[in-house]
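Undergrad: The residues making up each chain are set out below.
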Amino acid sequence: AQSVSQHNHHVILSEAASLELGCNYSYGGTVNLFWYVQYPGQHLQLLLKYFSGDPLVKGIKGFEAEFIKSKFSFNLRKPSVQWSDTAEYFCAVNARGATNKLIFGTGTLLAVQP
Amino acid sequence: KAGVTQTPRYLIKTRGQQVTLSCSPISGHRSVSWYQQTPGQGLQFLFEYFSETQRNKGNFPGRFSGRQFSNSRSEMNVSTLELGDSALYLCASSESTGGETQYFGPGTRLLVL
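Chain order of the listed sequences is B and H.
For the first sequence, the numbering used here gives the first residue as 1, with consecutive numbering after it.
For the second sequence, the numbering used here gives the first residue as 115, with consecutive numbering after it.
Read the hints as simulated data drawn from the structure, not as lab findings.
Incorrect hints may have been included.
[Claimed, not checked] Computed list of lysine-lysine pairs in DSS-like fashion (alpha-carbon distance at most 25 Å, straight line):
id : chain 1 : residue 1 : chain 2 : residue 2
1  : H       : Lys171    : B       : Lys58
2  : B       : Lys49     : H       : Lys115
3  : B       : Lys49     : H       : Lys127
4  : B       : Lys61     : H       : Lys115
Please model the complete structure; the sequences and the hints are all you need to start from.
TA: In structure tokens form, the structure reads like this:
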């Protein structure tokens, strides 16, 4: 069965600390990979996506993610977090060329302390 | 371009009633998907519509249904509401189908009493 695992459910960091959120997926075919963010009281927004090409993708607000095919991973990173990065982060996959159905991870709640 | 809009934003219903939620996609987008978000189950796919046809359906009972109109607007309906249907229902649109990027609306928060 297709699934997405996010290993960190809650992360607390101080401002300027580095961030890495883990995401692993299980799927038998070719996938597109996404990170979405949900700020408090706001709707889900796309942070970045990987379809093909360079496995290191850059998104908005200084976020980046690296696709490692051999590890079925798509970890999210940011070198220096800000208080405004406090939000819930979701990793998601869909089957390339087949359907838009997104399979989401359980989410990681990030709290950045000023 | 205006984003995905959903109406109503908040809804309170009682068990046994039915509810219809509406979604207007981004202009030019022809695919609409629906998701249910709850604290316990997270984000779960309900169904996807493209060009008025249901392309895919998630693992939900038949009480959950949807449709898409020729202008790409979509509605979802939940009949015989149960307490467990209380959730945030999210609509997402994309230009086409087949693994496209989806853009989400603000959601409709449904409370079933």
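Undergrad: Please go over all the hints and tell whether each is borne out by the structure.
TA: Going through the hints against the structure:
For the proposed pair lysine 171 of chain H and lysine 58 of chain B, the alpha carbon gap of about 32 Å is over 25 Å, so the pair is violated. As the CA atoms of lysine 49 of chain B and lysine 115 of chain H are separated by approximately 21 Å, the hinted pair is consistent with the 25 Å bound. A threshold of 25 Å between alpha carbons decides the hint, and for lysine 49 of chain B with lysine 127 of chain H the separation of about 37 Å lies outside it, so the pair is violated. Taking the CA atoms of lysine 61 of chain B and lysine 115 of chain H, the gap is near 21 Å; set against the 25 Å cutoff, the hint holds.
Hints 1 and 3 from the list above are not met by this structure, while the remaining hints are.
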